[in-house]
Amino acid sequence: MKLYLRYVSVLLKSQMQYRTSFILVTVGQFFIPFFMFISVLLLFQRFSTIAGWTLYEVALCYAVINISSSLSECFARGFDTFSMLIVRGEFDRILVRPRTTLLQIFGTKFEFSRIGRLSQGFIALIFSLMYLDVSWDLYRVLTLLLMILSGTFIFTGLYILGATLCFWTVEGLEVVNILTDGGRNFAQYPLSIYQEWVKKFFTYVIPFASVNYLPLQYLLNKANGNLLAHMLAPILGILFIIPCILIWNFGVKHYKSTGS
Amino acid sequence: MRAYYSLFKMRVLKGLQYRTAAIAGVCTQFFWGIMYIMIFEAFYKSSTTPQPITYNQLVQVIWLQQSFLVLFMLWYRDSELFNQITNGDIAYELCRPSDLYGLWYAKLIGQRLSGAILRCFPIILIAAFLPKPYRFSLPADGISFILFLITITLALLLIVAISMLIYISTFYTMSPTGSLLMIAVAGEFFSGLIIPVPLMPSILRKIVYLLPFRYTSDLPFRLYAGNIGLKEGLLSIGVQLVWILILVWLGRFLMKRAFKKIVVQGG
Chain A
1 MKLYLRYVSV LLKSQMQYRT SFILVTVGQF FIPFFMFISV LLLFQRFSTI
51 AGWTLYEVAL CYAVINISSS LSECFARGFD TFSMLIVRGE FDRILVRPRT
101 TLLQIFGTKF EFSRIGRLSQ GFIALIFSLM YLDVSWDLYR VLTLLLMILS
151 GTFIFTGLYI LGATLCFWTV EGLEVVNILT DGGRNFAQYP LSIYQEWVKK
201 FFTYVIPFAS VNYLPLQYLL NKANGNLLAH MLAPILGILF IIPCILIWNF
251 GVKHYKSTGS
Chain B
1 MRAYYSLFKM RVLKGLQYRT AAIAGVCTQF FWGIMYIMIF EAFYKSSTTP
51 QPITYNQLVQ VIWLQQSFLV LFMLWYRDSE LFNQITNGDI AYELCRPSDL
101 YGLWYAKLIG QRLSGAILRC FPIILIAAFL PKPYRFSLPA DGISFILFLI
151 TITLALLLIV AISMLIYIST FYTMSPTGSL LMIAVAGEFF SGLIIPVPLM
201 PSILRKIVYL LPFRYTSDLP FRLYAGNIGL KEGLLSIGVQ LVWILILVWL
251 GRFLMKRAFK KIVVQGG
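If you read the protein sequences in the order shown, they are chains A and B. Here the first sequence stands for residues 1 to 260, where the numbers follow our numbering. Here the second sequence stands for residues 1 to 267, where the numbers follow our numbering.
Check each hint, because a few of them may be wrong.
[Said to hold, decoys possible] Restricting the straight-line Cα-Cα distance to at most 20 angstroms, the calculated cross-link-like pairs of lysine to any residue (SDA-like) are:
no., chain 1, residue 1, chain 2, residue 2
1, A, K199, B, W32
2, B, K14, B, L103
3, B, K132, A, Q195
4, A, K200, B, M35
5, A, K200, B, M38
6, A, K109, A, L5
7, B, K132, A, V198
8, B, K45, A, G52
9, B, K132, A, K109
10, B, K45, A, L95
11, A, K13, A, M1
12, A, K200, B, D99
13, B, K45, A, I193
14, A, K253, A, K13
15, B, K45, B, Y55
16, A, K199, B, F30
17, B, K45, A, L85
18, B, K9, B, D99
[Unchecked claim] Label pairs and their in silico Cβ distance ranges:
no., chain 1, residue 1, chain 2, residue 2, range
19, B, K14, A, G52, 44 to 52 angstroms
20, A, V87, B, K206, 46 to 54 angstroms
21, A, R97, B, S47, 45 to 53 angstroms
22, B, K45, A, K253, 42 to 50 angstroms
23, B, Y5, A, V87, 35 to 43 angstroms
Quick caveat, the hints were computed from the structure, so don't treat them as lab data. No residue lacks a Cβ here, since even glycine has one placed at the ideal position from N, Cα and C.
Turn these sequences into a full structure, and let the hints steer you where they fit.
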């Protein structure tokens, strides 16, 4: 942990060397999803509800997913650009060091500019909380925090999976973006608006349902049945990272250096 | 003219080499199309009031947007051109005996076309065989198909004229990221790629109609879907032509001015 903090502080210093560029990228990171959010607002002006969910409820879902995806982009950016390490043969260096590979990859990159995107998510969150008619007690706040945490873990797991593929393909694959970017866009709306097969996929294969559906129902008083199960569902999402790490370790064993 | 043509041909052939990238692109775009359609399906199902564009027409527009995305997205950039400007290789280009604006214009068109040719047919083909509510169908009628072909050709000329302005702005700012990002995001929004133009509130729609962006990817697709009538379609062709003339003139003017005081970077 101490080592990781050290990695992060070094990266922060290096990124601050290019201050103007950093500010520009951060501002851009704010505006891209911001237009997305405006379009959601405009759509609701026209249609008023989507499959029984109101604007503010969707905004809450949107905020949670955006906050957690930008958090995981901050931390796990190293996995997103992992193919570069393989192509240049730099992964060999990482293998010979006496620390776990995962920790070192986490330490290669830390995107501070994602703060732009993160603040956009928080604006959406504040917006929805201002208008939502929900009495916030300790359990609900805890559930909300768990949701964000769980989302972050799921996205990080997806990044790790994408990077693991590079052990076999060497090149990074654009298709992986379907899972990460596509997953984010899908999950911005509550899962119940989609077709049955999409729901099943995002429940049993990639457990987004444990972030943007089950606990959301609890927060908004829509849950019936066991409340505790709805509350604790995000924990299942956090567990998603375990198989990802196992697959990663399997991939590391398979690794053949590209030389050079 | 022959020089432009051969440059254009070279670009197309070069682009056709990247087949794996194209397959990956097809998968991504296809997935994106399905996703958008599902979201709109849910929206349309929860409201009974008739909308300015029917669900079926919207499905056609979304599939066309996805399959021709490479043709019309603004952030599709040629890093080669940017590098020429920032590292000083532009000096070689200036020595050539043909007009630089025309050369780049031909290059960019070729690049966009080659990307689109590889991607559009598979997406359209698969989409045409999907089950009913998602299916991509034939155009509304023969005339709208002809109008679609005319407007999409003009739209390509227009989008390249717009993106030329982005390249030229690099002469003044030296860093492509900032200007590119802002123009690309705003342009995408105003051309109806994030939210379809007919679904925008009327004030916003008025602004959109004043800007050139919607004449790239909104107009031809809605003509295909039958959402725009014959008369408006014919008028819009005129507007497209006017925009192309204005933007090409502006681009040439700015480029000439930039060259008068150009500083060649590096050595």
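Results for each hint:
no.: 1; hint: K199(A) to W32(B); verdict: holds, 16 angstroms
no.: 2; hint: K14(B) to L103(B); verdict: holds, 16 angstroms
no.: 3; hint: K132(B) to Q195(A); verdict: holds, 14 angstroms
no.: 4; hint: K200(A) to M35(B); verdict: holds, 15 angstroms
no.: 5; hint: K200(A) to M38(B); verdict: holds, 15 angstroms
no.: 6; hint: K109(A) to L5(A); verdict: holds, 12 angstroms
no.: 7; hint: K132(B) to V198(A); verdict: holds, 17 angstroms
no.: 8; hint: K45(B) to G52(A); verdict: holds, 10 angstroms
no.: 9; hint: K132(B) to K109(A); verdict: violated, 46 angstroms
no.: 10; hint: K45(B) to L95(A); verdict: violated, 54 angstroms
no.: 11; hint: K13(A) to M1(A); verdict: holds, 19 angstroms
no.: 12; hint: K200(A) to D99(B); verdict: violated, 57 angstroms
no.: 13; hint: K45(B) to I193(A); verdict: holds, 10 angstroms
no.: 14; hint: K253(A) to K13(A); verdict: violated, 34 angstroms
no.: 15; hint: K45(B) to Y55(B); verdict: holds, 9 angstroms
no.: 16; hint: K199(A) to F30(B); verdict: holds, 18 angstroms
no.: 17; hint: K45(B) to L85(A); verdict: violated, 47 angstroms
no.: 18; hint: K9(B) to D99(B); verdict: holds, 18 angstroms
no.: 19; hint: K14(B) to G52(A): 44 to 52 angstroms; verdict: holds, 51 angstroms
no.: 20; hint: V87(A) to K206(B): 46 to 54 angstroms; verdict: holds, 50 angstroms
no.: 21; hint: R97(A) to S47(B): 45 to 53 angstroms; verdict: violated, 58 angstroms
no.: 22; hint: K45(B) to K253(A): 42 to 50 angstroms; verdict: holds, 49 angstroms
no.: 23; hint: Y5(B) to V87(A): 35 to 43 angstroms; verdict: holds, 37 angstroms
Violated hints, in rising order: 9, 10, 12, 14, 17 and 21; the structure is consistent with all others.
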